[in-house]
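Can you make the complete structure from the sequences, with help from the hints?
All residue numbers for the first sequence refer to numbering that gives the first Met the number 0, where the first residue is 0 and numbers rise by one.
Honestly, I wouldn't trust all of these hints.
To be verified - With a straight-line cut-off of 25 angstroms between C-alpha atoms, the simulated PhoX-like cross-links for lysine-lysine are:
| no. | residue 1 | residue 2 |
| --- | --- | --- |
| 1 | 296 | 452 |
| 2 | 452 | 466 |
| 3 | 452 | 468 |
None of these hints come from the bench; they were simulated from the model.
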Amino acid sequence: MSLKLFNTLSRQVETFAPLDPASRSVRMYCCGPTVHDFAHIGNFRTFVLADLVRRYLEFRGFTTTHVMNITDVEDKIIRRVRETGVRLQEYTSGYTQAFFEDHRTLNCLMPHHVPRATDYIAPIIELIGRLQERGLAYQAADRSVYFSITKYCGCGHRYGQLVAIQADQLRPGERVQNDEYAKESLADFALWKARVPEDGDVYWPSPWGEGRPGWHIECSAMGMALLGPSFDLHLGGEDLVFPHHEDEIAQSEGAGLQAHGAPFVKHWVHGAFLLVEGKKMSKSLGNYHTLRDLLQKGYSGREVRYLLMTAHYRESFNFTLDGLAGARTALARLDECAAKLEERAAGATAAADPVLIEAFSRAMDDDLNVAAAWGGIFDWVREQNRLLADNRMSQDLAAAALAAWRQVSGTLGLVPPSGVEAPAEVVALAQERQAARKAKDFRRSDELRDELKRLGWLVEDTPKGPKLKRA
RNA sequence: GGCGGGGUAGCCAAGUGGUAAGGCAGGGCUCUGCAAAAGCCCCAUUCGUCGGUUCGAUUCCGACCCUCGCCUCCA
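Here is the structure:
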């Protein structure tokens, strides 16, 4: 068995393999955040997907080089900079830092490279220059530089690889800017945007005059700079399919740096959108959640991550607060089982239980069918609990089960948090309660249980004596 | 208007041409001084609607209804 993934290029589920089939390394790029504000839960669905893809590839024995860009210059950012009077750098660095904190809170692995657009102005200019040399870019009357789709197609390239696009059926947006009237054709897009007064001091010199990069070009420039002109896997949200990714392909393949016949990217993966409480997330509906909002409501990053990973990435997913509460219960059950296995294994080691590993891989190999994977995991958990309850769980079995669960939970990025030792004061209260119980002073023992609860600890009486758990 | 996803129990969500995984919530029981945890059992004759193909469709085809997304520098 091997991993099969839907490829937006072919609109089919394909066996995933790197461009070099002999290679066990995967070069992957995921479009990162625009740091104009705190990222919201919908943004994070995509980043959790990228993280899961990376972890699963690594689970499958690939090494990965994972790139995620930070878009730190863009219309909305410039508007905020103008409104707040803060310098661009200062404005974006705060949100960039906040983004990485959130990314960490969701237990997403740090990508190997996290390039910022503003650090890649030179390669961007170089790439635009190359497109101009090849006759695919032109400077219009507004001094901006555009990519000519007509010329691109004239060279034998295909525009519309990711979606069926008929240029004449594109409907002009309602917010077409004045400066875009200068384009030769509606579908052409900006590579370099000439400086306008509203840009303030956000501009860079270039052969075409002062200005700033267009949106799509940064991903082409940074992706190719860090991963080479052709790479294996590119991810992003489904809204980026068109025009962003289509334009990225056009620019990158238009530059013609790839080896003959090689594509810019072999495999495109797009994550679907999120609904919140059944509706499109919007500030006016009050269902617009940043990760920070959810943490403030008392949920953990781990719970959010779990919930985001309960549905298939290509289906829109309804994110609800009820769902988050359910995530907490489900995780507690998994952690409880793991803790019992750990106790039973008592430090013994064994090869991972193949039952769990196989159920998990089979589901995940099938286009990352996480829902089916959870089905297998919970079936397995029930079986482990049954063995534990019937006293049929040997130390070796427990060690094997634990080893399997560590692999699986690690791949999902949901390793149980390490247990916190109860402070001496709490232990003393628990001992006092146990003494009261032995003396059949249940009133006193219940008082002590309440007291412990106030301190944030739950006490469970097991056949092996009382156990303390963090509430 | 063009293109592309979806509609499965109270909620979330897999899946299949042969009679519906899993999670959460809910109910019963076992265990427990009581709880908690765990276990066992129950919880969709039914998969948006209507037709068609078939021995048989939730799964294939057609129409319709609803919903979401892209075509706007929104993940």
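These are the hints, each one checked on the structure:
Taking the CA atoms of residue 296 and residue 452, the gap is near 20 angstroms; set against the 25 angstroms cutoff, the hint holds. Between the alpha carbons of residue 452 and residue 466 the distance comes to roughly 13 angstroms, so the proposed pair stays at or under 25 angstroms and holds. A distance of roughly 10 angstroms separates the Cα atoms of residue 452 and residue 468; the hinted pair therefore holds under the 25 angstroms criterion.
In summary, this structure violates none of the numbered hints.
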